[in-house]
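> Listed below, chain by chain, are the residues.
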Amino acid sequence: MPAATLDPYRKRDSVAGHGEFPLEVKQRLIGMVMEDPRFPEYLYGCYECGICVAACPSARFYDFSPRRIAQAASRRDVELMFQQMQEDIWECSQCFSCLRCPRGNNPGGIITVMREVAVKEGLHSAREALAGYSRIIYKIMSTGTQVSPDMLQPDAFPDWGPEVKDVSENLDLWRRMLPPETLHTTTTGWKVADRTLVELYVIWLETGALDMIAQVDRGIHMILEELMEERLEEEGIEV
Amino acid sequence: MSETAVSVILSKKKQFDREPDRRSADFHDKLFQLEAEGELVVQRISGDYVEVPTKYGIAKKIQKANLWHHKSCGQCGHIPGYSTSIFWIMRKLGYGYHDPEDQTSCTAWNYYASATSNQAAQAAVALRNFAAAYETGYFPLIHCGTSYGHYKEVRSELLHDGALREQVRKVLAKLGKEMVIPEEIVHYSEWLYAVREEIRSRMVYDFSNIAVTVHPACHYYKLVEGDAIFDPDVYHGQRTAAVSGLVQSMGADLRSYSTFFDCCGFGFRHILVQRDFTRSFSTLRKIEVMKAEADPDVVLTHDTGCVTALDKSQFAARAHERNVGIPVLSEAQFAALAMGAHPFKVCQLHWHSTNYRPLLEKMGIDWREAWKEFEVDAKRLERGEQEFLTWADVDA
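Note that the protein sequences, when read in sequence, are chains A and B.
To get the working numbering, take the position in the first sequence, counting from 1, and add 20.
To get the working numbering, take the position in the second sequence, counting from 1, and add 143.
None of these hints come from the bench; they were simulated from the model.
Among the hints, erroneous ones may be present.
Residues from chain B that face chain A, not an exhaustive set, calculated with beta carbons under 8 Å [unchecked claim]:
{"hint": "1", "residue": "Pro223"}
{"hint": "2", "residue": "Ala263"}
{"hint": "3", "residue": "Phe404"}
{"hint": "4", "residue": "Gly408"}
{"hint": "5", "residue": "Arg412"}
{"hint": "6", "residue": "Glu525"}
{"hint": "7", "residue": "Trp534"}
Negatives, chain B to chain A, calculated, CB over 10 Å [stated by the list, open to error]:
{"hint": "8", "residue": "Phe175"}
{"hint": "9", "residue": "Arg187"}
{"hint": "10", "residue": "Ser189"}
{"hint": "11", "residue": "Glu244"}
{"hint": "12", "residue": "Gly292"}
{"hint": "13", "residue": "Glu309"}
{"hint": "14", "residue": "Glu326"}
{"hint": "15", "residue": "Ser344"}
{"hint": "16", "residue": "Val347"}
{"hint": "17", "residue": "Ala354"}
{"hint": "18", "residue": "Asp374"}
{"hint": "19", "residue": "His379"}
{"hint": "20", "residue": "Gly380"}
{"hint": "21", "residue": "Gly410"}
{"hint": "22", "residue": "Arg465"}
{"hint": "23", "residue": "Gly483"}
All C-beta atoms in this analysis are idealised placements derived from N, C-alpha and C, irrespective of residue type, glycine included.
With these hints in hand, go ahead and build the complete structure from the sequences.
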């Protein structure tokens, strides 16, 4: 049996390493991508000119090509798109340099939509790509700021030089030396008002954003759900 | 600008007109139509403003005073001198502002990294912040390039998707907030561009011997490109004038290089959990190319991720004896230094990784003396004589 199909980029499920999926499952997931209201705005066909590849940072260091993303989507190639959803999409830098496309395609945007579906469905690629990333999801969803000063720890960023250790050791003092009052924080980027956080929790719950992470990290989902529901209950807000 | 191969090519294209079929539509038409139909509220520019040129010739209004600072997670968290310099310049130029606690992150760093959100949530987060600004009467000024780019995407989606508007309106109603979109979405680097002559007139150092390369942020001018500043007097209008226009006005030695269009390698997810990619791209495609082609004293950029990726990636590259070693600052820090800001109390350069001391020496700034002054203040706080440093302290 050949290791790949006639398409040189397409692999059998077993070779791609993500297990067997029935065609109906693949069709359903790719259908979700194509039904996204942004999808028609992100794809107008492909000249195969390669301008997007020339502009793409990820294409220089990974076996990744925004052109292949646009082409597979243009052909509505369910098998190839599914393979890309299991592999390629997490290599994209989301810089949107590919918007240089002369046809007006947005391969980076298509990838955003494919990633959303991969997360929502808990695909292996999403769980793997986001391994080690859970603390960031927890931080942004629970505090309303993505990175905090206390994340600057030498063991987390050994490749950023000795200054990280200096910052970490002097963190509380150096934060108190910042003249803007909102920046005297160590666990959040700035001081976020309590009421503002409650409003953010309503947004995560009302739009289904919180539930999206249930499939990729059940533990973080449970912790966040409990935190938010408890806080909203205190405020007497029902969602 | 120094003469390099790239600048010679650019100078041959004195007349540059964009192809009409590539022009993006002016979003204001739809925005004001929806306002007239009662669908949303437009927060208008008020008071003194400057009109700046954008990519397709549509004038963009930049309000000068009474701005609501939409802060950046990465700047406030890891590069605090970035935010502090923006505030400091605004204070020095005498423009009032509001630094809110009623602000969340745009959450787009996480969205572009992990996709653990969706279109409606992202739009609701944006509009919650816009409504919060509107309620104060101050006009939003976006510090982060990614927030700026993402909010322009969100605006476009909301203007053209009635079902999304309806979904977000219901969420906002639950928060007791109106659907507000500002007349312009303005990045702080556009504000600096708008007041660049005021900055030039307040400079206390001559930077004409400081060689500068600029890295423009992808999310500033590639996402919804029609909003970004392009000025015929800067790169003949072929590259965005954000950052470079300010540097040019300040009289510094603006130098070009061939990978100007390239991303910094930040990658959103990659910078946090796959930094081998970020380090490789930042150093091989940006820093080394700048060094080889332009030999700058400093790299200036205008986004959280770009400062982080370009600055922090150089430490490991040095271990591999790569041709790196250029300090990386935001142009806000650069302008603040030129206007006499303290390098540590205001610009907070001790949070940066790549060695910035030779740059300060070339600028004529005594960093040893400045660090001593910083330490005197630190001791005072350590002794408990004072809990926080204030603006009055840093201006003393």
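> If a hint holds in the structure, say so; if it does not, say that too.
Right, here's what the structure says about each hint:
The closest approach between the C-beta of B/Pro223 and any C-beta of chain A is roughly 5 Å, which is under the 8 Å cut-off, so the hint is satisfied. Annotation: interface hint on B/Ala263 holds; nearest CB of chain A at approximately 4 Å, less than 8 Å. With its C-beta approaching chain A no nearer than about 7 Å, B/Phe404 sits inside the 8 Å limit, and its interface hint holds. Residue-level restraint check for B/Gly408 holds (minimum Cβ-Cβ distance to chain A is 6 Å; threshold 8 Å).
For B/Arg412, the interface hint holds, the least distance from its beta-carbon to any beta-carbon of chain A being 7 Å, beneath 8 Å. The closest approach between the C-beta of B/Glu525 and any C-beta of chain A is roughly 7 Å, which is under the 8 Å cut-off, so the hint is satisfied. Look at B/Trp534: its Cβ gets to within about 5 Å of chain A, closer than 8 Å, so that hint holds up. For B/Phe175, the shortest C-beta to C-beta distance to chain A comes to about 22 Å, beyond the 10 Å cut-off, and the non-interface label holds.
Taking the minimum C-beta to C-beta distance to chain A, about 24 Å, the non-interface status of B/Arg187 holds against the 10 Å cut. B/Ser189, annotated as away from the interface, keeps every beta carbon of chain A farther than 10 Å; the closest lies near 24 Å. Annotated as non-interface, B/Glu244 brings its C-beta within 10 Å of a C-beta of chain A; the closest such distance is 4 Å. Its beta-carbon lying about 8 Å from the closest one in chain A, B/Gly292 breaks the requirement of being farther than 10 Å from that chain.
For B/Glu309, the condition that its CB be more than 10 Å from all CB atoms of chain A holds, with the nearest at approximately 12 Å. Annotated as non-interface, B/Glu326 keeps its C-beta farther than 10 Å from every C-beta of chain A; the closest such distance is 23 Å. Here B/Ser344 stays apart from chain A, with its beta-carbon at least about 24 Å from theirs, past the 10 Å limit. Once the 10 Å rule is applied to beta carbons, B/Val347 is consistent with being away from chain A; the minimum gap is 19 Å.
The non-interface label for B/Ala354 is consistent with chain A: the shortest C-beta to C-beta separation is roughly 23 Å, beyond 10 Å. Its beta-carbon lying about 20 Å from the closest one in chain A, B/Asp374 satisfies the requirement of being farther than 10 Å from that chain. At the 10 Å boundary, the C-beta of B/His379 stays outside the reach of chain A, the nearest C-beta of that chain being 19 Å off. Interface exclusion of B/Gly380 from chain A stands, the closest Cβ pair being 17 Å apart, more than 10 Å.
Residue placement check: B/Gly410 does not keep its beta carbon more than 10 Å from all beta carbons of chain A (closest about 4 Å). Even its closest Cβ contact with chain A, about 13 Å, leaves B/Arg465 beyond 10 Å, as expected for a residue assigned away from the interface. Interface exclusion of B/Gly483 from chain A stands, the closest Cβ pair being 15 Å apart, more than 10 Å.
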